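> Produce the entire structure from the sequences given, and follow the hints as far as they go.
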Amino acid sequence: MSDWQREIRLQPHWGQCKDGKISIQQLARVVAAKLKAIRPFNDDELDAERDELVEEFEAFAADGDAYRDDFDDIMDRLYDWGDTRLDTKFIGGKKVCWIDTISNPAPPKSVSAV
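Residues in the sequence shown are numbered consecutively from 1279, following the numbering used here.
Mixed in with the good hints there might be a few duds.
For lysine-lysine, the following DSBU-like pairs were computed, each having C-alpha atoms within a straight-line distance of at most 35 Å [said to hold, decoys possible]:
| hint | residue 1 | residue 2 |
| --- | --- | --- |
| 1 | K1314 | K1372 |
| 2 | K1372 | K1312 |
| 3 | K1367 | K1314 |
| 4 | K1296 | K1372 |
| 5 | K1373 | K1312 |
| 6 | K1296 | K1314 |
| 7 | K1296 | K1312 |
| 8 | K1314 | K1299 |
| 9 | K1373 | K1299 |
| 10 | K1312 | K1367 |
| 11 | K1299 | K1312 |
| 12 | K1314 | K1373 |
| 13 | K1373 | K1296 |
Calculated directly from the structure, the hints in this document are not laboratory data. Predicted, not measured: the structure shown is a model, and the values here were computed from it.
Right, dumping it as structure tokens:
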């Protein structure tokens, strides 16, 4: 298992967009804000790439005519950035950032046994 150094949780917004409750531009705005808010790596290359991704998501969010394919392209670059290795381990090892689009926004409440 990888040792992710940062994490960006995109639920519930990811699911809301998927269900048509918010626009893809609104989701892009959320992704930009969450990406911008993560702690810098103090690595010029990683931080510059993060800043470029933030700008691309913000530009997409501002473009009412933007296409979903364009969003998908930016997400692919975000996933690639997140998967950047920070050490030389072949299996596992440190990677930049887990981009979480699948987890529930809140853990389920425990149910007491009857």
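> Next step is simple, just say for each hint if it's right about the structure.
Verification of the supplied hints:
1. At roughly 21 Å between alpha-carbon atoms, K1314 and K1372 fall within 35 Å of each other, so this suggested pair holds.
2. As the CA atoms of K1372 and K1312 are separated by approximately 21 Å, the hinted pair is consistent with the 35 Å bound.
3. For a cut-off of 35 Å, the pair hint linking K1367 to K1314 stands: about 28 Å separates their Cα positions.
4. Under the criterion of a C-alpha separation no larger than 35 Å, the hint pairing K1296 with K1372 is consistent with the structure, at around 30 Å.
5. Distance restraint check for K1373 and K1312: the Cα-Cα separation of roughly 18 Å lies within the 35 Å cut-off, and the hinted pair is therefore satisfied.
6. The suggested pairing of K1296 with K1314 holds, with an alpha-carbon distance near 23 Å, which does not exceed 35 Å.
7. Of the supplied pair hints, the one linking K1296 and K1312 holds, its CA atoms being roughly 18 Å apart against a limit of 35 Å.
8. Annotation: proposed proximity of K1314 to K1299 holds, straight-line Cα distance about 24 Å (limit 35 Å).
9. A threshold of 35 Å between alpha carbons decides the hint, and for K1373 with K1299 the separation of about 32 Å falls inside it, so the pair holds.
10. Between the alpha carbons of K1312 and K1367 the distance comes to roughly 28 Å, so the proposed pair stays at or under 35 Å and holds.
11. Restraint check: the Cα-Cα separation between K1299 and K1312 comes to about 19 Å, which is no more than 35 Å; the hinted pair holds.
12. Proximity of K1314 to K1373 is assessed by CA-CA distance (about 18 Å); at most 35 Å being required, the pair is judged to hold.
13. Taking the CA atoms of K1373 and K1296, the gap is near 27 Å; set against the 35 Å cutoff, the hint holds.
The structure shown violates none of the earlier numbered hints.
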